[in-house]
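Sequence lines, in order, name chains A and B. So the first sequence is residues 1 to 498, counted in our numbering. So the second sequence is residues 1001 to 1498, counted in our numbering.
I should point out that these hints are in silico values taken from the structure, not numbers from a laboratory. Check before you lean on any hint, since a few could be wrong.
[Claimed, not checked] In silico DSBU-like pairs for lysine-lysine, Cα to Cα no more than 35 Å straight-line:
#1 1463(B) with 116(A)
#2 1074(B) with 116(A)
#3 1116(B) with 116(A)
#4 1117(B) with 1487(B)
#5 1487(B) with 20(A)
#6 259(A) with 1261(B)
#7 117(A) with 1479(B)
#8 158(A) with 1487(B)
#9 1181(B) with 1117(B)
#10 117(A) with 1435(B)
#11 1261(B) with 181(A)
#12 1116(B) with 1020(B)
#13 244(A) with 261(A)
#14 490(A) with 154(A)
#15 1158(B) with 117(A)
#16 435(A) with 244(A)
#17 259(A) with 1020(B)
#18 244(A) with 1244(B)
#19 223(A) with 1412(B)
#20 117(A) with 74(A)
#21 261(A) with 1074(B)
#22 223(A) with 1117(B)
#23 154(A) with 1259(B)
#24 1435(B) with 1479(B)
#25 1259(B) with 74(A)
#26 116(A) with 1259(B)
#27 479(A) with 1154(B)
#28 1181(B) with 158(A)
#29 487(A) with 1158(B)
#30 1020(B) with 223(A)
#31 1261(B) with 116(A)
#32 1463(B) with 259(A)
#33 244(A) with 1158(B)
#34 1117(B) with 181(A)
#35 1154(B) with 154(A)
#36 1181(B) with 117(A)
#37 223(A) with 244(A)
#38 1020(B) with 1117(B)
#39 116(A) with 1412(B)
#40 117(A) with 463(A)
All of these numbers come straight from a predicted model, not from anything done at the bench.
Number of protein chains: 2
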Amino acid sequence: MNFDACISLDPTDDAVPLYKQIYNSIRDAILDGALESGTRLPASRALAEQLGISRMTVVNAYDQLLGEGYLEGKHGSGTYVASHLPEEFLRVQVRKSSAVKTVSRSRRLAFSDYGKKLARYSERIAHHHSASIVVPFQHSLVAAEEFPFDLWAKINQKHLRFSSRRLGGYGDAAGFGPLRKAIAHHLRSSRGVRCEDEQVIVTAGTQQAVFLIANLLLARDDKVWLEDPCHLGTSDVMATVEAKVSHVPVDDEGFNIEKAKRDRRPARMVYVTPSRQFPLGMTMSLQRRLSLLEWANDNEAWVIEDDYDSEFRYSGRPLPALQGLDRADRVLYVGTFSKTVFPGLRIGCLVVPPDLIDVFIAARALNDLHAPITDQMVLADFIVEGHFEHHVRRMRTLYRGRQAVLVDQAAKHLGGFLDVGPSDAGMHLTGWLPKGVDDREVSTRVAEHGLRAAPVSRYTNRKLERGGLLLGYTAFNEKQINAAVRKLAKIAEVEFNF
Amino acid sequence: MNFDACISLDPTDDAVPLYKQIYNSIRDAILDGALESGTRLPASRALAEQLGISRMTVVNAYDQLLGEGYLEGKHGSGTYVASHLPEEFLRVQVRKSSAVKTVSRSRRLAFSDYGKKLARYSERIAHHHSASIVVPFQHSLVAAEEFPFDLWAKINQKHLRFSSRRLGGYGDAAGFGPLRKAIAHHLRSSRGVRCEDEQVIVTAGTQQAVFLIANLLLARDDKVWLEDPCHLGTSDVMATVEAKVSHVPVDDEGFNIEKAKRDRRPARMVYVTPSRQFPLGMTMSLQRRLSLLEWANDNEAWVIEDDYDSEFRYSGRPLPALQGLDRADRVLYVGTFSKTVFPGLRIGCLVVPPDLIDVFIAARALNDLHAPITDQMVLADFIVEGHFEHHVRRMRTLYRGRQAVLVDQAAKHLGGFLDVGPSDAGMHLTGWLPKGVDDREVSTRVAEHGLRAAPVSRYTNRKLERGGLLLGYTAFNEKQINAAVRKLAKIAEVEFNF
C-alpha cells in the first residue's frame, strides 16, 4: 500500500503534538489492517523529508510504536509492522472501525435484572434527579447566600493545612470519628434519637442511605409499603430493586398504618417521613407512630424514618424522632445535611440498630469506600463549634419570614387559582389548584415562563381529587417571591383564564 | 403508683436541660407501662415544689408531652396520661425495654441475598477497607505534605464565595459539566482514551465505578474473570454480587487471556489493570490487549480497565489505555484522582460506551445523587489551570527518587530476606521473601513493630511459590525510608533469624 496515504498530519492542531499525530496515524493503519504484519516502514529520515518535518519527530513516533509492540526493529534492516498481532483482531477492526457509534447504539445489551429496570426507567430517573434550577418556586433549596461560606472556607483551610497526613490516605467507611460523635450528640439532644456514637454511619446523603437499606434488607419479592405521595428518590430506588411496592395514601395523621394492615399484604419494610410528610407536610400522630412500631415489632419489619427537614419548625417544639420511641430496634433513622448546611455537600447520616452496624459499614465500603475526608472534618467542627446550631436558628427565622411573605402574596394575588395555606414547618408549601385543573399542565406552563413548581401528581400514581404545586420559598428573598407570585398570577390569567 | 419514683433528675447534667429530663422520665414511664392511661398527673406547681425546681420547668415538660399526645389536659380538671395509646404497644414496651441490646444482638435478621453475603464477609471487608495508617510501607498513599493544599484551599474559597447560588441546589448525577470536560480532555491527550465528553461520568472513586458496573451488567450466575492476585475492592464486590468469580493467574505479560479462554468457562466480564497490574506491577503486553479485546468482541463480554496509577511511569512513555484500542465498545474505563490528587477527595471517573451513558447516570443518581459540588469545581479548575499536570510531574520526580532510595537501602540491608527490584512505574514495589517464609506472618510481625507491609497472599486464594510484601514508598521521605528499612532488617534478624 501507499504508506504516505496512511499518515494524516495537521500542523495547526495545537492539542496533539506532531509525533503523536504520526503515531496515531500509523497505529490506526495497523489496527485497521491497512498496514499488514511484516510491512517495512520507510526510514525515519526519508519519511521526515517527505513530510517536511524534523527527523526527531518521526523517531519519537517510531519509538513509541516500537515500545508498545506495534512495530519491530530488526537490527540493521529497518522497522516493520509487528508479526505477532492476532490476525482475527485486525480483521474485526476493519469491519467495525467506521461504524462504532452505530454498532453501539443499536446493539442488544446484556444487563442484570437491576440494569434492565434502570435502562427502562433511565429517562424518568434523569428527569427526577436533574440538577436544580435555582428559580422560584423550586423546592428543597437552601438560602445559600446566607450560608457562612467564609467561615466554612476558613475551617476547610485549617484542615487542609494541618491534617495533610490524614489526607494522604484513606478514611473510615463508617465516617470520620469526630463527625460521627458530633452527629450522634446532635441527634440525641435535638431529635430524641436513642443511639450510641457507633450506630451513626456517615452517608453521602439520604439517597445513599435508602439505597443501601434497600439493597441489604429487601429480598426478592419482599413487600415494601411507601407513603403515597412519596419522595421520588425513595420510590425510584424501590421500583428498581426486586421488592414489590405498595403505595399507601397518607391522611391528616400521615402514613396510615391501620389502612395498610387492613388492605395490603404484609410488608417487610415501610418508608415514612413522620416529622413532616414529603411532599404534603402533615406530621404523623403519636398514635400512628406507636401503632407503626408495634406492627414492625410484631412482623419483624423495618421502618425507614426519613427525617429530612425536621429542623425547620416555626411554631411549637419539633416532635422527636420516631426512632426514639423504638424499643425493638426496627427503625433505621435517615438524616441529611442537605437542608441544614447545603445540598452540594453530599453528607447525611444513617442510624442503625446495633446488630446492623457492621453490615452497613461493609456496604458503604464496597459501595464507595467513604465520604470525602475534608468535608467531614469541616462539618464536624462546624457542628461542635456551635456554628451549625446558630445557622439553623438563623435560617429558621429567615424561612419563617419568607413563608409568611409567600402566604400573604398568594392570598392577595392567587386567590381562586392557588390555595396556599401556611405551615408550621418545612421548606415548601403546597398550593392546591381548583378541581379539574391539571397540575402537570400548570407546572409545564410555569416552567415555560422561567419558574419552577413541581406538581403534586408527580409524587403519586393515583389520580388526585385536586392537583397541587410545590412552592419552595427558602431560597428566595421577599422581592423574588413577590415578583414570582405576580408572574404566577399572570400565567393563571393568561393561560388558565383566572 | 408512686409518681415521684418515675422522675429521675440530675441537675449536674449540663447536656440535658431539666425540663427535658422530666419529659424523658414521664415519657419513659408511660411507654414502659409504669404510668397507665388515665392516670392523673400532679399539678405543675405541686410537682415543682416537690422537686425543688421552678414551676416553668415542669410546665415546659408537660407542654411538650401534651403537644406530642402523651398527655391530655381536661380543662379545669388537670392533666392525664392519654387514653388512646395502643395497649398492645405499651405491653410490648414493658417486655422489651430493659433488654434492647440483647434482643438486638441475638435476633435472626432477614437480609437480601446481597445482605446475607455482606453479613458473612463484613469482618473481612472491614479489615480490607479500614482507614489508612500512614506509616512505612503502607501502599497507595500520596505524599500529602507535597500537595499544594494552599492553592487548593484558595480555589475552594473562590468557589464558595462566588458559586453560592449553585451550591444552594443539587447537581448533575453525571458530574459537574466543566469537570467532565476537563477529565475527557486529559484522558484523550494523556491516556489515549477515545471518548466524547458525555461518556465521562464522575464517580466517588474506583470503588463506586466497579460497584455500579457489577450491579448493572452482571446477571445472576454470570461469570467474571478476575486477575489473580487482584485488587481487593474489586474482588470483594464481585464476591458479594450474584456473579460467579474465576481467578486467572497473571504472568509477566499481565492477565492471561489465552489461559482463561482455554481453561475457564466463558465469562460475561473481565477485570484487568493493564497499565500496571495490581499488586504485582507488570504491564499487559500489546498482544494480550488485542487478544482480550478480540475475545470481548466475539463474546459480547465487558472489560473493566482499572487505570489506577498510570500517571506514575518513571522511564519510557506510559502505555496508552486499553480503552483506546477498543473499536467495539466493550471497555469500561475506570480512573481515579486518589493517586494523583489525594485519596480523601473521593473523586474518580468512569468512561462508558455511548449506549451505556444513560443507564450509568441513572445508576449514580439512585446510588447517591452526585459528587460533592465544590470538590468537583475545585478539581476542574485544578486540571484546567494546569496545576494537576504540574503536580503529577513533580510527584513523578519525587516518587522516582523515593523508589531509588528504597531499592538502594533494601539491597544494602535486606539482602537474602527481601528481594526488592526496581520498577519503571507505580507507587509501591513488591519485595519477595525466601521460599517457605509466610508473608502473612511477616506482615503481622512488621505491624507489631509499627510498620505496615501488606502480604501479597492477601490478594490471592492460591498458595504462592514465594510470599511477598507490598512496599509503598510514595508517602515517605528518604529519612523515613532509611529508618524503616533498618527496622525491617532488625525484624528479619530477630524474628526470622536472617
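Right, here's what the structure says about each hint:
1. 1463(B) with 116(A): Violated. Residue 1463(B) to residue 116(A) sits at ~39 Å, over the 35 Å cutoff.
2. 1074(B) with 116(A): violated, 59 Å
3. 1116(B) with 116(A): holds, 23 Å
4. 1117(B) with 1487(B): violated, 40 Å
5. 1487(B) with 20(A): violated, 47 Å
6. 259(A) with 1261(B): violated, 57 Å
7. 117(A) with 1479(B): violated, 55 Å
8. 158(A) with 1487(B): holds, 34 Å
9. 1181(B) with 1117(B): violated, 38 Å
10. 117(A) with 1435(B): violated, 51 Å
11. 1261(B) with 181(A): violated, 51 Å
12. 1116(B) with 1020(B): The given pair, whose Cα atoms are some 40 Å apart, is violated under the 35 Å limit.
13. 244(A) with 261(A): holds, 16 Å
14. 490(A) with 154(A): violated, 45 Å
15. 1158(B) with 117(A): This hinted pair is violated, its Cα atoms lying about 41 Å apart.
16. 435(A) with 244(A): Given pair residue 435(A), residue 244(A) holds - Cα atoms ~32 Å apart, limit 35 Å.
17. 259(A) with 1020(B): Between residue 259(A) and residue 1020(B) the Cα gap is close to 34 Å, so the pair holds against 35 Å.
18. 244(A) with 1244(B): holds, 26 Å
19. 223(A) with 1412(B): violated, 65 Å
20. 117(A) with 74(A): Violated, at about 55 Å.
21. 261(A) with 1074(B): holds, 32 Å
22. 223(A) with 1117(B): With Cα atoms ~21 Å apart, residue 223(A) and residue 1117(B) stay inside 35 Å; holds.
23. 154(A) with 1259(B): Between residue 154(A) and residue 1259(B) the Cα gap is close to 56 Å, so the pair fails against 35 Å, i.e. violated.
24. 1435(B) with 1479(B): holds, 30 Å
25. 1259(B) with 74(A): holds, 30 Å
26. 116(A) with 1259(B): holds, 32 Å
27. 479(A) with 1154(B): holds, 33 Å
28. 1181(B) with 158(A): It holds: about 30 Å lies between the C-alpha atoms, which stays within 35 Å.
29. 487(A) with 1158(B): holds, 34 Å
30. 1020(B) with 223(A): violated, 38 Å
31. 1261(B) with 116(A): holds, 28 Å
32. 1463(B) with 259(A): Not satisfied, since the Cα-Cα distance of roughly 59 Å exceeds 35 Å.
33. 244(A) with 1158(B): violated, 47 Å
34. 1117(B) with 181(A): holds, 29 Å
35. 1154(B) with 154(A): Roughly 10 Å separates the two Cα atoms, so the pair holds.
36. 1181(B) with 117(A): Roughly 29 Å between the alpha carbons, so the hint for residue 1181(B) and residue 117(A) holds.
37. 223(A) with 244(A): holds, 5 Å
38. 1020(B) with 1117(B): violated, 43 Å
39. 116(A) with 1412(B): Cα-Cα ~58 Å, so violated.
40. 117(A) with 463(A): With Cα atoms ~24 Å apart, residue 117(A) and residue 463(A) stay inside 35 Å; holds.
Figure legend: structure checked against the earlier numbered hints; hints not met, in rising order: 1, 2, 4, 5, 6, 7, 9, 10, 11, 12, 14, 15, 19, 20, 23, 30, 32, 33, 38, 39.
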